[in-house]
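Asker: Residues 1 to 452 in this note's numbering are what the sequence shown lists, from first letter to last.
By construction, these hints were calculated from the structure, which means they are not laboratory data.
Misleading hints may appear alongside valid ones.
With a cut-off of at most 25 Å between alpha-carbon atoms, the simulated PhoX-like pairs for lysine-lysine come out as follows [as the list claims (entries may be wrong)]:
(1) K322 to K289
(2) K210 to K289
(3) K372 to K359
(4) K51 to K128
(5) K289 to K254
(6) K278 to K312
(7) K155 to K209
(8) K322 to K278
(9) K210 to K278
(10) K22 to K125
(11) K254 to K354
(12) K434 to K354
(13) K62 to K51
(14) K372 to K434
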Amino acid sequence: MPPDWQDILFMDKIETTGRYKKALEFLYSQLPMFSRVGAAAYKPGLDRTLKLDRLFDHPHEKFKSIHIAGTNGKGSTSHMLAAILQANGYKTGLYTSPHLVDFRERIRVNGEMIPMEAVTEFTEKWIKLSRTSDISPSFFELTMMMAFNWFAIQKVDYAIIETGMGGRLDSTNIITPEISVITNISFDHTQFLGDTLEKIASEKAGIIKKGIPVIIGEASPDTAAVFDLQAQNTGAPIYHAYTHPEIIEIKQSKTWGWDCTSSSVGCFTLPLAGMYQKYNINTVLATVKVMQETGINLNPHLVCEGIENVIKYTGLRGRWMKIADSPLTICDTGHNEAGIKEISTQLKELIDKKSVHLKAALRIVIGFVADKDIDHILPLLPSNALYYISQASIPRAMDAVALSVKCQQFGLHTVFTAHSVKDAYAQALSDSSKDDVIFIGGSTFVVADFLS
Numbered sequence: 001m002p003p004d005w006q007d008i009l010f011m012d013k014i015e016t017t018g019r020y021k022k023a024l025e026f027l028y029s030q031l032p033m034f035s036r037v038g039a040a041a042y043k044p045g046l047d048r049t050l051k052l053d054r055l056f057d058h059p060h061e062k063f064k065s066i067h068i069a070g071t072n073g074k075g076s077t078s079h080m081l082a083a084i085l086q087a088n089g090y091k092t093g094l095y096t097s098p099h100l101v102d103f104r105e106r107i108r109v110n111g112e113m114i115p116m117e118a119v120t121e122f123t124e125k126w127i128k129l130s131r132t133s134d135i136s137p138s139f140f141e142l143t144m145m146m147a148f149n150w151f152a153i154q155k156v157d158y159a160i161i162e163t164g165m166g167g168r169l170d171s172t173n174i175i176t177p178e179i180s181v182i183t184n185i186s187f188d189h190t191q192f193l194g195d196t197l198e199k200i201a202s203e204k205a206g207i208i209k210k211g212i213p214v215i216i217g218e219a220s221p222d223t224a225a226v227f228d229l230q231a232q233n234t235g236a237p238i239y240h241a242y243t244h245p246e247i248i249e250i251k252q253s254k255t256w257g258w259d260c261t262s263s264s265v266g267c268f269t270l271p272l273a274g275m276y277q278k279y280n281i282n283t284v285l286a287t288v289k290v291m292q293e294t295g296i297n298l299n300p301h302l303v304c305e306g307i308e309n310v311i312k313y314t315g316l317r318g319r320w321m322k323i324a325d326s327p328l329t330i331c332d333t334g335h336n337e338a339g340i341k342e343i344s345t346q347l348k349e350l351i352d353k354k355s356v357h358l359k360a361a362l363r364i365v366i367g368f369v370a371d372k373d374i375d376h377i378l379p380l381l382p383s384n385a386l387y388y389i390s391q392a393s394i395p396r397a398m399d400a401v402a403l404s405v406k407c408q409q410f411g412l413h414t415v416f417t418a419h420s421v422k423d424a425y426a427q428a429l430s431d432s433s434k435d436d437v438i439f440i441g442g443s444t445f446v447v448a449d450f451l452s
C-alpha cells in the first residue's frame, strides 16, 4: 500500500512541535528569564557572551547592524526601523525582547519569526556543546546568540538589535553597529542601572562606540551631558533628535494613529496611536537621515511605506493596541513611571473627550511585577477610573490581593480582583456599556496573558 503522505507530514509536524516544546522547556528551566523571575536571572557582563560568540564562530560579524538602547520606546523604534529597511528591499533581521505570546517573536527576518526547527536545532546544538564548555549563559545571552546565528545563516543585510537592559554590560554590546540609537532615559531597573538619571544614562551610553554615529532621541540637560561626554571620548558623531525635529506637524488621524508631516520624507500616517510615539517617530526619522548620510540607500516614499505598514511588516503588538471598538478596548505594555504617565494622560484625554457627549466609564484591568516600585506609579493612574486588579501567570507577578489593597490605599476605586488577567478582563467587559473604555496594562506580562 502506498504511503499516506498526509499522515507522514502530520507525524513530521508532531515531531517538530514536540522537539520545539522540549527546547523551550530547556531554555525556560535551565536558563531562567529575568522577565519571569527577576534579579535571580540577571547576569551582567560580556565574558560569557564573548565565549559564546567564539563558540558559534562570531555570527554578529557576518551582518551589519543598528543598535537601539533606551528606557522607553526602543521596541517601537526598532520595529519602525526594521519596517523601513524591509520596505526599501533590504533583508532585515529584528531582535527584540521580551516576547508577548510566542518566544519566536524575539527573532524575525523580514517580519517572519524564526522557525521552530531553527530554535530546536540551535538549542540541541548548545546542549551538546555545553557538555564540554565552561560557559553558563543566561537566558538572554543564549537566545541573543540564537538570533545572531539565525541572522548569519539567513545572510541578512542589516539587523536591528534592541538591548535587553542598560547598554554597557548588556550582552548585545559585543556588536559594532553602523549606527547607535538611544531613545530616552527614565527610571527603570534602578537596582541594576543606578538610582539617578545620570547613572542610568551612563549605562545606556555604553553602546556608544568609537567613531560610530549615535542618535539621542530625548534627553534632559543632565543626561545630555553624559551622552556628549561619551561621544567626545569615543570620537562618535552625535545627533540630538529632540533639538532638530524632523516632524513639523502631527495630529490625530481620523482613523487610528497620527497623521505626520516631516521635513525629510513628506507626509504619512503612523499607525501606532500612543501619545509617546510622537517622540519615537522623530527619533526614527533622525536615524533615517543619519542612515542615508552613512551610505544606506533609502527612498523617501519607501520610508513612509515602511512606517505606515510597521504592524504588517514586523508583527508589532501591544503598543496602544486597539482590540475592539465597542466598548473601545486598548492594551499597552508601558510599565515604568514615564510610560504609565504617558498612558494615563492619554486615557484621561480619551475618556474626557468621550464623556462630553456620552456617559462613558473608564475601566482599567491592571497588574504589575512584584519588584515594581508601585508607590511612584499608582499616584500617576487616573483617579476617576474603575480598577479590575489582575495577576499575570508568571512567578514574578505581584499578588492580586496585595495589589488591590495597595490601590485602595492610594484612593483608586477597585471593583474586582482576580488571579487571572482574562477573568479580570471578562468582568470588566461584562460591566461595560458600549460607550465605555477598557484599558489593559501595567505590565508586559498582563498584556501577554490578555493576548494569548
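Asker: If a hint holds in the structure, say so; if it does not, say that too.
Answerer: Consistency of the hints with the structure:
Proximity of K322 to K289 is assessed by CA-CA distance (about 31 Å); at most 25 Å being required, the pair is judged violated. Taken as a hint, the K210 and K289 pair is honoured in the structure, with Cα atoms around 20 Å apart against an allowance of 25 Å. Note on K372 and K359: the hinted pairing is violated, with a Cα-Cα distance of about 34 Å set against a maximum of 25 Å. The straight-line distance between the Cα atoms of K51 and K128 is roughly 16 Å, inside the 25 Å bound, and the hint therefore holds.
A hinted pair counts as satisfied when its Cα atoms are at most 25 Å apart, and K289 with K254 does not qualify at roughly 28 Å. A distance of roughly 20 Å separates the Cα atoms of K278 and K312; the hinted pair therefore holds under the 25 Å criterion. Taken as a hint, the K155 and K209 pair is honoured in the structure, with Cα atoms around 24 Å apart against an allowance of 25 Å. The hinted pair formed by K322 and K278 meets the criterion: a straight-line CA distance of about 18 Å does not exceed 25 Å.
In summary, the hint linking K210 to K278 is not supported, as the alpha carbons are separated by about 30 Å, beyond the 25 Å threshold. Between K22 and K125 the CA atoms are separated by roughly 13 Å; this keeps the pair inside 25 Å, and the hint holds. The suggested pairing of K254 with K354 holds, with an alpha-carbon distance near 15 Å, which does not exceed 25 Å. A distance of roughly 12 Å separates the Cα atoms of K434 and K354; the hinted pair therefore holds under the 25 Å criterion.
Using a Cα cut-off of 25 Å, the hinted pair K62 and K51 holds, with the two alpha carbons roughly 17 Å apart. A threshold of 25 Å between alpha carbons decides the hint, and for K372 with K434 the separation of about 33 Å lies outside it, so the pair is violated.
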